[in-house]
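Undergrad: Work out the full structure, taking the sequences as your base and the hints as a guide.
Below are the chains, spelled out letter by letter.
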Amino acid sequence: MSKSLPQLKIINRLHVFRAIQRMTQEQLAKEVGVTRATIVAIEGGGYNPSLELAFRIARYFRTDINTIFSIEEEIK
Amino acid sequence: MKRFDSTLLKVFLYGLPVVAVLAIFAYFYSTGAVNHATGYAKFMNSFTGLVFAVWMTLSIYLSARLMFSGPFREQVIAKITFLRERDEREVILTGKATKATFLTSLAILIFLFCLSCFQISIYRVPQDKAVDGKTGFVSLGLGFSLLQHEKQDIAKDTIPKEHIFTYRGLPISSETIILILILWQILSYNYSMRRLIK
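Protein sequence lines, in the order shown, are assigned to chains A and B.
If you read the first sequence in my numbering, its first letter stands for residue 1, the second for the next number, and so on.
If you read the second sequence in my numbering, its first letter stands for residue 1, the second for the next number, and so on.
A few of these clues could be false.
No farther apart than 27 Å at their CA atoms in a straight line, the calculated lysine-lysine pairs in the DSS-like style are these [said to hold, decoys possible]:
#1 B:K96 with A:K30
#2 B:K99 with A:K9
#3 B:K79 with B:K161
#4 B:K10 with B:K79
#5 B:K2 with B:K79
#6 B:K198 with B:K99
#7 B:K10 with B:K96
#8 B:K79 with A:K30
#9 B:K99 with B:K79
#10 B:K161 with B:K134
#11 B:K96 with A:K9
#12 A:K30 with B:K198
#13 A:K9 with B:K198
#14 B:K96 with B:K79
#15 B:K161 with B:K129
No lab work stands behind these hints: they were computed from the structure.
Model, not experiment: these values are computed from the prediction.
TA: Written as structure tokens, this is what we have:
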């Protein structure tokens with residue numbers, strides 16, 4: 001009945017932004033109000049943040065959400 | 001109310017070691033290991049009874065509060081089960097772990113229900129009571145009782161039987177089953193959470 005939709009893989013450049021700012025995962029976690037484990041999971045691609053958290057991260061780095069998070073490819 | 005409940009909870013928890021010590025004393029008192037004639041022992045026995053009464057009342061009150069008060073339940077049960085929801089990821093993982101726990105618990109409950117309902121009896125009857133020349137029988141049954149005492153009213157056999165194997169529901173007491181289920185819920189949740197966090 002329902003059409004199988006291609007899976008979207010979200011990639012992020014969080015580690016790049018963090019490296020530019022010379023920040024530790026712990027510091028970033030504190031700034032955006034999550035645990036360090038969550039930052040580790042986001043950077044490792046194991047967890048996709050909510051829109052709210054994605055916006056909070058983007059706002060912290062004073063950039064657009066698309067610059068940090070983007071869709072890499074479509075996997076069937 | 002919140003402060004009152006918290007105070008009672010602290011009394012309950014800090015009273016646990018006292019209750020344990022008094023329970024040991026009550027055991028020795030009932031077995032006669034402690035001299036009943038001394039006034040001190042009598043006083044201690046009465047005091048133990050009073051402490052037990054207070055502690056039992058507290059237990060009933062607190063368990064009822066856990067059922068009806070959402071914030072109190074979250075405060076207490078979250079600590080007992082080591083539930084952590086520090087950020088959105090942990091909230092999602094908690095949901096997943098809770099789902100896994102709920103489904104496995106339900107599966108266990110269905111399995112236990114089957115085990116408690118089914119009755120199997122393998123027996124032999126004397127040669128003169130044989131049916132079609134057969135003396136060995138396998139009897140299958142399904143028992144469901146709403147109340148516990150109904151279960152005990154099992155019809156007595158009119159024919160003398162040599163029971164080879166008899167199974168009439170779970171041999172474990174209801175208290176043990178409830179305790180196992182409580183422990184299972186805590187262990188299952190924590191195991192699922194650990195697996196998801198990795």
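Undergrad: Confirm or reject each hint.
TA: For each hint, the structure was consulted:
1. B:K96 with A:K30: holds, 25 Å
2. B:K99 with A:K9: holds, 25 Å
3. B:K79 with B:K161: violated, 54 Å
4. B:K10 with B:K79: holds, 14 Å
5. B:K2 with B:K79: At roughly 16 Å apart (the allowed maximum being 27 Å), K79 (chain B) and K2 (chain B) satisfy the hint.
6. B:K198 with B:K99: holds, 18 Å
7. B:K10 with B:K96: violated, 32 Å
8. B:K79 with A:K30: Given that 27 Å is the threshold and the Cα spacing comes to 24 Å, the pair holds.
9. B:K99 with B:K79: holds, 19 Å
10. B:K161 with B:K134: The given pair, whose Cα atoms are some 13 Å apart, holds under the 27 Å limit.
11. B:K96 with A:K9: Roughly 21 Å between the alpha carbons, so the hint for K96 (chain B) and K9 (chain A) holds.
12. A:K30 with B:K198: holds, 21 Å
13. A:K9 with B:K198: holds, 20 Å
14. B:K96 with B:K79: holds, 19 Å
15. B:K161 with B:K129: holds, 10 Å
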